[in-house]
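Engineer: For reference, the chains in residue letters:
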Amino acid sequence: MGDRGIGAETACAGGADTADEGVFMPVVVALGSVAVLILVAIAAPLASRRPAIATPVVYGTSGLAALVLFVTALAALLGHLDVAGEVVLPLGLPWVGAHFRIDPLSAFFLVVVDLGAATASLYALGYGAHEDHPERVLPFYPAFLAGMNLVILSADAFSFLVGWEFMSLASWALVMAHHHEEENRRAGYVYLVMASFGTLMLLLAFGLMAGPDGVYAFAEMGNRVREPWLPGLVLVLALLGAGSKAGLVPLHVWLPLAHPAAPSHVSALMSGVMTKVAVYGFVRIVFDLVGEPVWWWSAVVMGLGALTAVLGVLHAILERDFKRLLAYSTVENIGIVFIGLGLALAFRTNEMAGPAALAVTAALFHALNHSLFKGLMFFGAGAVLTATGERDIEKLGGLIHRLPVTAFFVLGGAVAISALPPLNGFVSEWMIFQAILLSPDLPQWALKFMVPAVGAALAFSAALAGACFVRAYGVAFLGRPRSAAAAEAREVDILSRTAMALLLGLCLLAGIVPGLVIDAASSVAIQLVGHDMPPQPLFPSLSIVPVSEGRSSYSGMLVFIFILISSGLVIWAIHRFASKTIRRGPAWDCGFPDASPATQYTADSFAMPIRRVFGPVAFGSYIERWMPPPGDPSPARLKVVRHDLPWEILYAPISGRVSRLAERLNTLQFLSIRSYLSLVFAALVGLLVVVAIWA
Amino acid sequence: MTSILALLPFRPVDAVIAVPALAAILLAALPGRRWSARLNVGASLLTFLMALTLLIERPPGGGLLFVDDLNVVFVVLGTFVGFTTSVFSASYIAHEIEIGRLTLGHLRFYHGMYQALAFAMNLGLLADNIGLMWVAVELATLTTVLMVGIYRTHDALEAAWKYFILGSVGIALALFGTILVYMAAQPAIGEGEKAMVWTVLVAEAAKFNPELLNVAFVFLMLGYGTKVGLAPLHAWLPDAHAEGPTPISAVLSGLLLNVALYALLRFKMLLAANPGTVAPGPLMATLGLLSLIFAGFMLYRRRDIKRLFAYSSIEHMGLVTFAFGMGGPLANFAGLLHMTMHSLTKSAIFFAVGQIAQAKGTQRLAEIRGLTQSHPMLGWSLVVGVAAIAGLPPLGIFMSEFLIVSSTFARHPLLAVPLVFGLIVAFGALVLRLSDVAFGEPEGRSEPVEASYLPMVAHLALVLTAGLWLPPPLVAWFQHVARMLG
Amino acid sequence: MGGFALDLAHLLAGGMVLVSFMLLYQNRMFGLLNVFALHAVVLTASVAWQAFIQQAPHLYVTAAIALVLKAIVIPLALRRMVVRLEIHRSIETVGGIGLTMLMGIALVALSMMVMLQAAADADPLAREDVALALSVILLGLLMMVTRYNAVSQIIGFMSLENGLILAAAGAKGMPLVVEISIAFSVLVAFIVIGVFLFRIRERFDSVDTHALDDYREGRQ
Amino acid sequence: MGMIRDLAIQGAQMVFVLVLAPLLLGLTRKFKARMLDRVGPPLLQPYRDLAKLVRKDVVLAENASWLFRTAPYMIFAATWVAAALVPTFATGLQFSWTADLIAITALLASARFFLALAGMDIGTAFGGIGASREMLFASLAEPAMIMMVFVVALVAGSTQLSFVANFMLTHVSLRVSLGMALVALVIVALAENARIPVDNPATHLELTMVHEAMVLEYSGRHLAVIELAAALKLLLYVSLIACVFVPWGLAPPHSGFWPLVVGAVTHLAKITIGAFLLVFFETSIAKMRVFRVPELLGSALMLGFLGTLLLFVSRSF
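Chains as they are written, first to last, in our numbering: chain C, 1 to 695; chain V, 696 to 1181; chain X, 1182 to 1401; chain A, 1402 to 1718.
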């Protein structure tokens, strides 16, 4: 086997050939800032004696490094920088070396990652001050950022996996930051095991693609002819590996446990950004490395995506823990992204380049959008957490009076995440719908029939997302405070609010001039499906045209302006002609006098109809009623039983089997010497028999 | 450099054997407290330096000892771990004496035996004669048996007795295998010493009677496999690790297992050199895989922290054996790398565990909690160590596991399934234990640790460096060895 | 001469196998010790004969060691120990004597099968010798696993080791045989009069390895 | 010149829907009363109601937040924009490419979003119950709507209403899929506009109410704006059905003055008929239990989906 590999040990190991390519190579800059991040991570423990100094320094430097990376990647993506060439450092696998490069795909995801990282760092500058154990957060935060960037920068299987697992490890440490809560430890445990499972799956995928002679560099890996069965297997492994990190159902179980457990700015990164790194891994393998797809892949990916989207949002809508709710909604959005990717595969296998470009652009766009508004929402959740110390929305309420600014930003985030115009969430989903509308031209009947169903699922999840965030926002921010903590909440610091404002601004920008993003992503589309969407003219029409004028178009800008004008008109008219007087009085409430806050509609009661309608299918949920016998004054009882089906069907049995087997094998620890000897004896005799028969 | 070596009045090779032997006699003979530990450290250091010189200049063949690329790896690694362990054991034993678990008499015995062990292992590694190697391995076993029993507690004697009986049977089987090899060689080479000399054997192997070699390998596999700790011959290993003094656990995991493995590899090369034999690969791979999965499951129910890591040693030895069984340059390279990394990591972990046990006054997992809070340095080092042993990057073991798994999958996809399964099972168990031990609310008594962190940190640093960057010479050298192993 | 040498060598080696069976058959402690002494004697004879026909004087040393140590010293030591520890009762066996005998026969068959076809082209003397030695070894191991009682396990181990010596002696011109036999005697000495039995006797009032074996992690 | 003209037409459209909306409401009330053998309120009653509401003071609950006060305008604006983009009397409006059918659906969704939030702002039981049910219905109505859009879009090859309308004008053909889409759209329209059998616009103080429960706390000008928005929404759906399924009379792009007038008149006729049919349907059936509604909407969804599939069958790719 590794004769070429083994033979060429010193060829690459001969040092970084960066000198001739000039120091201004973007990838070198990127690596430099990653190095800075790692240095900060190493230095942090020493500094963490004085959190008052360490916190701003660590987050500040991390933020700057992320910013540099962001700018570099953006410039590279827009083609202002020459990204040609690889850097090969004599690290990692000796005869392979550590390859790094920036191509459009990685540039795009670098933009996503480091945009999130920069804002998160900004937010953490304010938020991090509230951390009880900074020494458990500060060292790992920059390490986490470094890991994510390394994954995207690396151009060989080994560095990729090192970065990947390093990312998991760092985020695990961050999840364990609040290690006193039992469930955080459990979350960390489940997370790390799932993560390493995923890594091993990816390792197998790379092992397959590298072949017996161990070609680990992506550059050579990409273009090699293979057995026909191999790419399919690779796809499955990639789905298992990247999917488990991204949170595809049924591999999502760790996600709602781990994401909320971390400090909020880290949750924002894990949910908004790390899942995107997983998406990147999937795209890299399936679109770039493995070669020509087969049509049934798209069916698998799309189906999983639809399932994930619907189940994720259904979980989210029943969740009471604000951060966990957000984590579940992450699962939903990942599902949407994978729907887009599946469509892209479907079109690509049938040489429909234009639609494929549309679908893949939509998927990337949605990935970007999600990183924006999910970050915003988690920042909001963090703000609520610092203000009230509560994550259970049932104990909140009326926060819009106590923290108006945060409330405003979170409202914006809620609108965006519910895919409502004119914000960005809508645009990407609209583009996916447009791609779906092109599906009838697909030759495969299975896809013809499947895609509209997927579309229905998409619409369904979008609508449910709306419901979910009406519930979350309405219960947490509106109404009257349900607890003292909520009543005494204080508005959070200016930096946190700035971070939120920044993200909301970006959501709006991406919503009203989506053409910018689409054009920026065109090079990526070309790399992935060999075609890009028609260039989106910024002026005069300001509208995006996925396929052709005649087919469909949407102009976020004009919708926005329209809404502004028309609402302005109304307000003007009303205040011109109507009576301006306002009388404050007790709530009318159909005449019930001064009802206590307890009479408000709770989150559970809000979700009840939806649970009742969809629960039996999605969660096998049912209600246990207990009525006292006649004459018994004791109250009737009502208990809602809800099952987490993936866990109960998939994970519980496995862990059960493992522990049972462990129990059974454990008796081997307690045998007598004689029995151990008989084991040896048996082994000997057995082998002798084998030899006797063999020879 | 070579010229300087030439000035030495003796050959470094002999020194590697002689220094520990003399030190053993000296330490056993002389009483004394402080400086006996120092002498121990000094002797180990000297041995290590002598071993290092072997890298620069090889002695010419002939004589009872010989040096080639293969055993130099083991010798240098072994002497290094021996040295660091002696540093660790100095403080560890001092503490044991303070709390009165050991007496000064024990101290003499302990240090004497320590050097004797070093002597035996170096002899086993450097011996150019399969009979001599066998004797050395037996000697090593006996010394470790005595050390395991040193606490004289009921449990310690249990462990030692178990180790002793199983070890002796193993030795017996290995001897029979050796005799068979001689019988196979004797017609081709002729009677007498020559027919037991490695160099000659390997050169002539093609002429041997293959069937006889097959049978011989079965016995050698089981005999030395007992020492390697492969399931189902592993029974002695966990208890011996758990009941002996922690430095000895470190030496056992870090060195003795390797010595036995080295013997196996030698004979594998012998068989590989003979076309007629049934390839030994499948046998090794099977036993390795079996040990890996078995140990993975056994990790779950452990209540004793040292036993936990003992089982993880079984797991990793299984993995290494599997890799060598797979064969081929890449897998062999991975195997060597993995073995090296495992020795360093595991001994580092045992250093940490020893200090933990001394600080908490117990080895029970249930009574150790929240170390990262009560003893940050210890706790985090343990986290790093376990991360390393569990095969997480950027630590060295990840690289070797990466190579093993991916190359296996590329060649025999079906074999990779149980492999990955075993890895995940073991991983789950380790992380589960770790998150209880290192995190959560600290419990129980906890004293400050006065022992030095140096050895532990040094090992972990090495492992980390190796995970990121392997020095090209080392790589070239490993690759040469890998090709040697065929 | 050659034919006769061969036959006698076989006779002695086969004799050892026979005695091994007798060991398996024994269920009284003292009887066991006596038979073991016999085992050692036969070994001595066979090694001596090998020394003679191979003109290998050093083998006489091995023979002497075997005779002195195994045929006289150790049995006596064991006997005294047995008396002192009052364990001269009948030996409990796993699955009864008859079954072990049957297994023993199967093992002998196996070893023949393996060795005879393996060493087909080795010189017949060595071949038969090693085949019989292997069966002695397997029988010794079988004894170790089918006896509960430490003394009989020790004897099992020693008979196994006798088998090894036999094989070593049979291997023509094998060096180090003396060293090996000495090393093994050290081992055996360890086992027999070694630290452990004393310790064990201090701590438990029998060497019955039951007492040793009920080792439970849970107990600590 | 043409630009100005198009802009003018677009403006006219906006004013047109605004003026027409209350009239449609009045029509339905009138027809209903007639069917129940009552005289019923005059056609212009809705205008009067609005005027009165506008003149009244606003009574605001103590803990009403800024969201509560801005929501009506957001709701109104979103609905109005959506309504302005549905061709009523002329196709090829200046801004028709601003948003297609999907975007219009989404605009209505955002209106609903704010309405539901406003319902929860005061923190009463009624607001919550209304919001919760509204969102439940929406979660099924929207997919149904989207499926309907699929059918239409697959037939017409566009989601742009103007194009759809023109296509329907030029290629008239009876398609079973379109029939199903029509039924689905009607069901959705009923649900979205809180009509019987889903909700009863005339009730108060019933635990079954949805829309009214959300706006319970509104008064004065806020209520006026919301009512107007509701009326606009009803008009929107009627004209949507009209322009997709009975597009005759719509003035083609860049047409002169008279076609526009014709278009306006025909549209008036259309909504009159629409109102009549709506009332006829409402009077002839009873209101449903809340938890039967999802089944109704689910059937709409199924119809839409079936329509898409049948489309493949009927139109062989």
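Among the hints, a few may not be true.
Partial pick of chain A residues on the chain C-facing surface, computed with a CB cut under 10 Å [unchecked claim]:
(1) Leu-1502
(2) Gly-1529
(3) Met-1536
(4) Ser-1540
(5) Pro-1544
(6) Gln-1561
(7) Glu-1683
(8) Ala-1687
(9) Lys-1688
DSS-like cross-link-like pairs, simulated, lysine-lysine; straight-line CA separation at most 27 Å [said to hold, decoys possible]:
(10) Lys-889(V) / Lys-902(V)
(11) Lys-1457(A) / Lys-580(C)
(12) Lys-1688(A) / Lys-1433(A)
(13) Lys-1431(A) / Lys-1453(A)
(14) Lys-1688(A) / Lys-580(C)
(15) Lys-1688(A) / Lys-1431(A)
No wet-lab data here; the hints were simulated from the structure.
No experiment lies behind these values; they were computed from the predicted model shown.
Glycine included, each C-beta is placed from N, C-alpha and C at the ideal position.
Engineer: Would you pick out the hints that fail for this structure and give their numbers low to high?
Structural biologist: Numbers 7, 8, 9, 14 - these are the hints that the structure violates, sorted from lowest upward.
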